[in-house]
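Novice: The chain contents come next:
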Amino acid sequence: MRRPITRAQQRRRSSARVATSPGKSPSPVDAWWASVLAGDVYEPHPIHREVKVQLHGGSLRLSGELETAEDRDVLVHQARQRIGHGIDHLDVSSLRVASRQEKPGILEQTLISAFPGRVAAEYARDFVLEHSRVVPKRNDVVDAGNADKLRVLLPEDFARQTRKEIDSGHTLLILKVDETEAFKVRELLDEDTRSEWTVAVPPQLIEAGR
Amino acid sequence: MAEITRRTGRPRRTVASAREATRARLSLNDIIRTVGPGVVSGGADNDPAGIATYSIVGATVGFAQNWLLFLSTPLLIAVMQMSAKVANVTKSDLASLLRTKFGGRVATPAVVLMVVANVITMGADLLAMGAAVELLTGIKLIYWIVPMAALMAGVTIFLDYKTVSKFLLWLVAVFATYIVAAVLAKPNWGDVLRSTFLPNISMSSDYLLGAVALLGTTITPYLFFWQASGEVEEKRGVQSLSRTNIDVATGMVLSNLIAFFIIVATGAVLFSHHAQIRTAADAARALQPFAGPYATVLFSVGVIGAGLLAIPVLASSAAFGLAGLAGWRRGLWRNPRNAPQFYVVIGLAFLVAMELAISAIDPIKALFYSQVLDGLIAPVLIVLLVILTSSRTLMGDFVNGLPTKVLGWGAAAVMVLADAAMVYQVATKGLP
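Line by line, the protein sequences are chains A and B. Numbering-wise (the working numbering), the first sequence opens with residue 1 and increments by one. Numbering-wise (the working numbering), the second sequence opens with residue 1 and increments by one.
In case anyone wonders, no lab produced these hints; they're calculated from the structure. Check before you lean on any hint, since a few could be wrong.
What the hints assert, rightly or not - Residues on chain B that point at chain A, a partial pick, calculated with CB under 7 angstroms:
#, residue
1, A18
2, V89
3, K91
4, T108
5, V112
6, G237
7, Q239
8, A291
9, R329
10, N335
11, R337
12, A360
13, S391
14, M395
To be verified - Derived EDC-like pairs: lysine to aspartate or glutamate, alpha-carbon spacing no greater than 16 angstroms straight-line:
#, chain 1, residue 1, chain 2, residue 2
15, A, K52, B, E20
16, B, K101, A, E196
17, B, K101, A, E165
18, A, K103, A, D157
19, A, K103, B, E20
20, B, K101, A, D126
Stated by the list, open to error - Between beta-carbon pairs, the in silico distance windows are:
#, chain 1, residue 1, chain 2, residue 2, range
21, A, D88, B, Q341, 33 to 41 angstroms
22, A, H56, B, V297, 33 to 41 angstroms
23, B, V297, A, R96, 33 to 41 angstroms
No experiment lies behind these values; they were computed from the predicted model shown. All C-beta atoms, glycine included, are put in the ideal place defined by N, C-alpha and C.
With these hints in hand, go ahead and build the complete structure from the sequences.
Specialist: Printed below as a string of structure tokens:
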């Protein structure tokens with residue numbers, strides 16, 4: 001299993017990628033900005049996937065919903081940096097911050113995705129963690145070689161069913177995340193990776209003291 | 001079971017289950033702020049086909065089926081809350097869940113039937129909107145179908161439909177005038193109340209067809225898919241289940257309240273004079289006690305608003321269903337280039353519906369029979385939904401309680417009984 005990284009570390013990494021030094025390959029965020037300024041406004045932002053972009057002449061309009069005020073500040077800052085470098089005017093009046101009542105730290109949820117092989121599962125894990133910025137409580141890739149782990153990772157019903165999938169040659173990616181982040185992770189697993197199916201174990205209380 | 005402390009800012013309190021941890025005490029302000037997507041669903045439930053069906057029921061059998069509408073309200077709320085809950089617990093939309101839980105052999109026909117019913121209903125709704133514009137302008141409805149379909153397809157594919165729908169709700173609010181119209185029509189309120197609380201069952205083909213259409217347009221299959229997909233797009237999760245339940249219940253009660261007054265108004269104005277509904281202008285006459293010569297204008301504006309609100313929901317539900325079944329990228333927040341198959345399905349649904357609308361002959365019949373089809377399909381989907389939400393493996397602490405199970409199975413049973421009686425009656429005595 002990979003060593004978990006904290007959300008703060010992940011944010012620092014994301015921010016660091018924004019300012020790529022010359023000579024290095026561009027970060028996904030830089031590449032996205034480059035494609036937007038080139039006129040491709042349909043490619044979703046690598047992290048803030050619900051942000052919509054309109055580019056008319058030199059006027060750039062960003063709209064949609066972001067998770068936090070910090071996310072909004074970072075995105076607006078990135079856009080402002082590009083004024084005079086491909087755009088003349090910026091409109092962020094319709095860029096909102098989602099008002100969320102849900103609190104993290106109460107429930108957790110385990111998501112299971114089936115892949116044709118270990119390499120595909122590992123790529124999917126990296127992709128999902130990069131694009132969702134989620135810090136999973138556990139992330140495990142399970143195949144015939146380490147199938148015994150299923151009994152530890154999953155409730156009995158799920159362990160039994162998923163064991164059959166492994167016996168039929170699948171590799172499973174198992175991510176345990178905070179329940180408030182499970183929608184985002186599931187969507188990426190289900191729609192944006194080579195997963196054959198994705199299921200969710202019902203939300204459970206986060207055990208005290210963990 | 002582990003004990004944790006809720007982070008509410010209130011005095012410390014321990015909870016013993018995931019379900020208990022998500023129960024929230026809501027203030028009136030919370031409730032008012034919560035109301036939104038469920039009301040859009042409720043508005044979409046009263047689409048032009050729904051308005052036509054309630055009007056025909058009122059004109060054909062008077063108040064005799066009020067009890068069925070009353071009975072269907074808690075059943076509808078339970079089924080819609082199950083749709084919202086299963087999406088919030090599993091983080092998945094309905095078609096994708098049906099595929100993973102039951103496999104393609106069950107999921108594919110269930111979703112395809114929903115898609116077929118949706119496209120037929122879209123065609124019928126387009127006809128109704130065309131008829132409404134014809135009433136206003138005098139220009140034949142056939143000329144309005146293509147521009148209206150193109151406008152709605154454009155809004156659904158290229159604009160933010162969720163924002164647009166909040167404005168469209170105000171057009172549908174026109175139907176609130178049915179409440180005033182019903183009061184001004186001076187029905188016998190004793191009869192109205194008696195027929196609402198005391199079942200009155202007849203075995204005539206007219207009555208049974210009306211019952212199936214009324215149930216089909218009220219507990220309508222596309223709304224289950226729309227509600228579940230809406231929850232996935234909102235990404236609120238189980239912590240918001242209390243809010244979602246209130247939102248859904250508010251939307252459905254408002255929707256059925258309007259339906260109730262449509263039946264009362266048409267029953268009082270048309271049934272009592274043995275008048276039948278053959279055209280949109282006939283249906284508009286039920287508003288005459290309130291609006292006099294402007295009844296036609298009011299009715300037309302309402303039908304146009306209802307169509308604008310509901311047709312994109314029908315097309316999107318079809319696309320959510322097929323995309324969930326096939327595992328395609330989906331979501332109205334996505335750009336068309338980012339989810340091409342999803343938007344192609346929406347475009348195709350509009351094209352086929354347009355073709356159906358152009359080739360259909362009788363708008364009122366098309367509207368009514370599309371709802372009969374919904375009534376035949378709905379029980380299949382309700383049964384699957386109840387099985388899903390009653391599975392402890394899938395739902396954990398959020399599994400259906402006894403009251404929800406009773407209401408869910410009750411909804412399926414009522415619809416199966418009405419369907420069976422209608423099919424038997426039509427098979428032996430033919431269509432009325």
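Novice: Tell me, in ascending order, the numbers of any earlier hints that this structure violates.
Specialist: Failing hints, ascending: 4, 5, 8, 12, 13, 15, 18, 20.
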